[in-house]
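As they're listed, the protein sequences go chains U and L. Per the numbering used here, residue 1 is the first one in the first sequence, and the count goes up by one each step. Per the numbering used here, residue 433 is the first one in the second sequence, and the count goes up by one each step.
Derived by calculation from the structure, the hints in this document are not laboratory data. A few of these clues could be false.
[Stated by the list, open to error] If you anchor each label on the Cβ, the simulated ranges turn out as follows:
#, chain 1, residue 1, chain 2, residue 2, range
1, U, Leu394, L, Phe523, 22 to 32 Å
2, L, Arg674, U, Gly278, 31 to 41 Å
3, U, Val54, L, Phe523, 33 to 43 Å
4, U, Arg356, L, Tyr466, 14 to 24 Å
5, L, Gly481, U, Cys403, 25 to 35 Å
6, U, Arg356, L, Asp453, 23 to 33 Å
[Stated by the list, open to error] Covered stretches of chain U, going by a simulated chain L footprint (3 or more residues, C-beta under 8 Å):
#, region
7, 165-177
8, 253-263
9, 367-379
Using N, Cα and C, we set each Cβ at its ideal position, and we do this for glycine too.
Each chain, written out:
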Amino acid sequence: MQKRPESQSKPQLKSTTPSNGSQPSSVPSRAQQERTYALPDYRQEVSEITVRQVRKGEEVRYEVSGDLHAPVPPLRDSKYLSQQQCIAIYRFMVMNRKMETALEHLYKQGKVVGGVYFGLGQEACSCASAYALAKDDWFAPMIRNQGSLLVRGFRARDTMMQYMAKAGSPTKGRDGTSHFGDLYERNMVAPISMLGDLIPVLSGVALGARLQGRDIAVMTYIGDGGQSTGVTYEGINFASVQNLGLVLFIESNMWAYSTPSEMQYRNKDLAERAIGYGIPGVIVDGTDACQVYDAAHEAVERAHRGEGPTLIEAKMMRMKGHAIHDGANYVPHALFEYWKKRDPIARMENYLLHTRKWLTLEENKALLEEVEREIEVEREIAVNSPMPQPESALGGVYCEEGCHTIRPKYGVPKVRKGTGAFRQTEAAVHLK
Amino acid sequence: MPQLTYLEAIRQGIWEEMERDPTVFCLGEDIGIYGGAFKITDGFIDRFGAERVLDTPIAESAIVGAAFGASLTGMRPVAEFQFMDFIGCAFNQISNVVAKAHYLWGAPAPLVLRGPSGGYVHGGPFHSQNPEMWFVHNPGLKVVCPATPYDAKGLIKASIRDNNPVIFFEHKYLYRRIKEEVPEGDYVVPIGKARVAREGTHLSVITYAALVHSALEAADLLAKEGIDLEVLDLRTVAPLDRAAIVQTVKKTNKVIVLHEHARTGGLAGEIAAIINEEAFDDLDGPIVRIAGLDSAVPFSPPQEKFYLPKVSDIVQEARKLKAY
Ligand SMILES: Cc1ncc(C[n+]2csc(CCOP(=O)(O)OP(=O)(O)O)c2C)c(N)n1
Ligand SMILES: [Mg+2]
């Protein structure tokens with residue numbers, strides 16, 4: 001049996017048998033002992049929608065199958081979030097979307113260098129996950145998590161200036177998109193393009209903190225496509241073996257560029273991979289901010305207790321193409337229709353307005369207008385800031401004298417030493 | 433002063449740094465109770481504990497990624513590759529994460545990636561490589577290749593204290609073959625500074641690591657014929673000590689560049705370009721390259737011997753160049 005902390009063995013738990021390899025419950029077996037594993041699944045609906053390649057006359061296309069007319073379930077009440085916190089997350093989600101809409105306009109006005117990436121339909125996953133972190137925890141976003149940057153205290157102008165390659169961007173023009181970090185205030189590692197590489201890096205951050213006497217949570221994300229990389233395995237396994245507080249969100253958004261998740265892995269759910277690592281795996285509805293938060297919160301608490309990593313699979317849909325250039329014509333239209341009804345912001349709005357009555361229509365209107373105004377101010381600042389001087393491409397390759405002082409972030413490690421003194425070794429070695 | 437082998441000198445350097453600075457820790461495969469494939473960390477776990485002498489899974493990308501992550505919190509990780517040949521498995525972490533971190537977002541990464549490299553031990557194609565050029569071509573990294581016990585200790589200490597990622601190539605042929613007096617206690621050898629290993633007047637051999645010793649041996653043979661070789665030991669291959677290269681060219685006016693790794697795209701090409709840019713008028717002859725062949729390092733001793741630069745190659749080329 002997989003060990004699960006108390007907090008995760010609550011009633012929502014649906015036990016499933018692993019769908020890969022042998023199926024102990026249905027296939028008669030001569031084995032003496034069969035093991036079953038449980039994966040907590042917080043979802044209120046379990047959609048069985050699949051995509052596959054089929055030949056249609058002269059063309060090969062993607063075809064979707066499953067119940068695409070299922071009713072939208074209500075949000076799951078959070079076990080932890082207060083009214084105020086729910087509204088705060090909702091506001092970040094709205095800001096996330098409005099910022100990306102502004103970016104789309106900037107792109108159409110020819111102000112963006114390169115493309116624009118969107119997290120449309122994934123705002124709940126980005127914002128509610130980062131919202132669960134404590135100040136001392138670390139964090140690294142991927143391209144769909146521009147909302148989580150706002151949660152961690154960056155301004156919309158930072159991301160906008162990155163896209164416009166401005167001198168005032170966090171990387172001073174040296175990199176674009178959400179590729180920026182902050183080691184000092186926000187404990188954030190900058191992402192790089194290569195998918196999966198952040199996972200061992202974040203594990204190392206947790207290792208560093210532990211050597212300094214602190215168990216922290218380190219959160220990052222990986223796509224249903226990106227998780228196919230080898231470094232993903234290395235990173236999660238390292239965190240598992242070392243019992244480091246990695247909180248890894250798998251953003252199961254059905255697509256990796258133009259490739260459906262069916263062509264990335266064979267498991268029913270990616271959360272099953274957790275079993276292989278010997279760590280807890282959880283499934284949530286990535287369009288339900290309350291579920292995302294609760295799972296993140298429990299994983300973060302686990303990390304703070306020094307109990308090791310958690311893998312959280314968030315099921316949702318990438319509601320645009322890979323980036324702005326990609327019209328996503330390969331995605332069956334019905335799939336967009338299905339997920340449009342599950343828009344995370346609309347669901348949260350409805351929840352706050354009608355289910356909980358935590359927000360009145362007027363308050364909501366005021367909130368939306370305020371965010372709109374803020375985005376407009378941010379946009380103005382970003383647009384009017386200068387481009388970098390060409391020569392600013394120079395310098396900074398190395399950390400030179402006086403450039404940074406390096407000191408342990410959480411305190412000087414308390415080291416315990418044995419009594420052995422240095423002695424020369426004569427032991428046999430590999431290849432002489 | 434005690435006589436130390438190259439291997440003991442590195443061991444002592446890391447040991448002293450771990451004694452001195454609680455943020456220094458080691459991670460790698462089999463480095464704990466076993467003490468590492470080459471025994472660099474033999475006995476370290478008893479002194480410093482399993483937290484600071486951390487045995488990892490066989491996962492080079494994870495080792496580099498974790499070392500980098502820990503360095504972001506202000507630790508100074510020293511990561512061991514069991515053989516430097518395996519560093520290719522972590523190439524993306526090194527090239528795209530570690531090397532670019534300071535340039536892109538001002539993140540200093542004070543980590544050391546170290547391990548045994550080089551041939552002459554019949555290790556075959558996967559245990560004999562000198563992959564330093566992969567990293568010389570990655571701005572943001574420092575690449576260090578010591579030739580002597582004294583330098584090995586001083587440079588490993590400097591590498592650990594450096595605020596930049598340093599790749600530290602230990603030549604496994606030298607591990608227990610050379611011994612010299614090494615002072616106990618603290619000293620560092622600065623990164624980026626070459627050393628004249630032998631003063632000479634007729635021509636210069638620019639080299640590093642194990643081949644410094646071959647060049648010195650050749651110099652002794654050539655001295656009997658009245659050819660006076662200067663040997664420049666680069667010690668660091670990124671950043672290169674351009675001043676020292678130019679200085680030796682200005683002195684002898686004739687240059688042989690000598691390295692173990694494959695000839696094409698090798699360090700000699702870069703050094704020839706530097707001389708071309710900065711000391712072209714001082715040359716009295718063509719720049720000569722002596723290097724490994726453009727193939728993998730073969731396993732069988734006669735083949736490996738054929739592949740790698742030999743003392744006799746240096747003697748021969750020096751005679752020709754002297755007569756030019
Ligand atoms: C190692 C690597 N290979 C290829 C790419 C190019 N690439 C960028 S995003 C992407 C698709 C990613 O899909 P997924 O991980 O599911 O994330 P999503 O875009 O759906 O959020 C690809 C192939 C990359 N960034 N990294
Ligand atoms: Mg995806």
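Comparing the hints with the structure gives:
1. Here the CB-CB span from U:Leu394 to L:Phe523 is close to 26 Å, well matched to the stated 22 to 32 Å.
2. Hint check: L:Arg674 to U:Gly278, Cβ distance near 52 Å, so the stated range 31 to 41 Å is violated.
3. For U:Val54 paired with L:Phe523, a C-beta distance near 39 Å keeps the hint of 33 to 43 Å intact.
4. The beta-carbon spacing between U:Arg356 and L:Tyr466, approximately 59 Å, falls outside the hinted interval of 14 to 24 Å.
5. As the Cβ distance of L:Gly481 to U:Cys403 is approximately 32 Å, the hint placing it in 25 to 35 Å holds.
6. The hint said 23 to 33 Å for the Cβ distance between U:Arg356 and L:Asp453, and at roughly 54 Å that hint is violated.
7. Counting residues of the region 165-177 of chain U whose CB falls under 8 Å from any CB of chain L gives 4; the rule of at least 3 is met.
8. Counting residues of the region 253-263 of chain U whose C-beta lies closer than 8 Å to any C-beta of chain L gives 0; at least three are required, and the coverage claim is violated.
9. Note: the region 367-379 of chain U has 0 residues with beta-carbon separation from chain L under 8 Å; the three-residue rule is not met and the coverage is violated.
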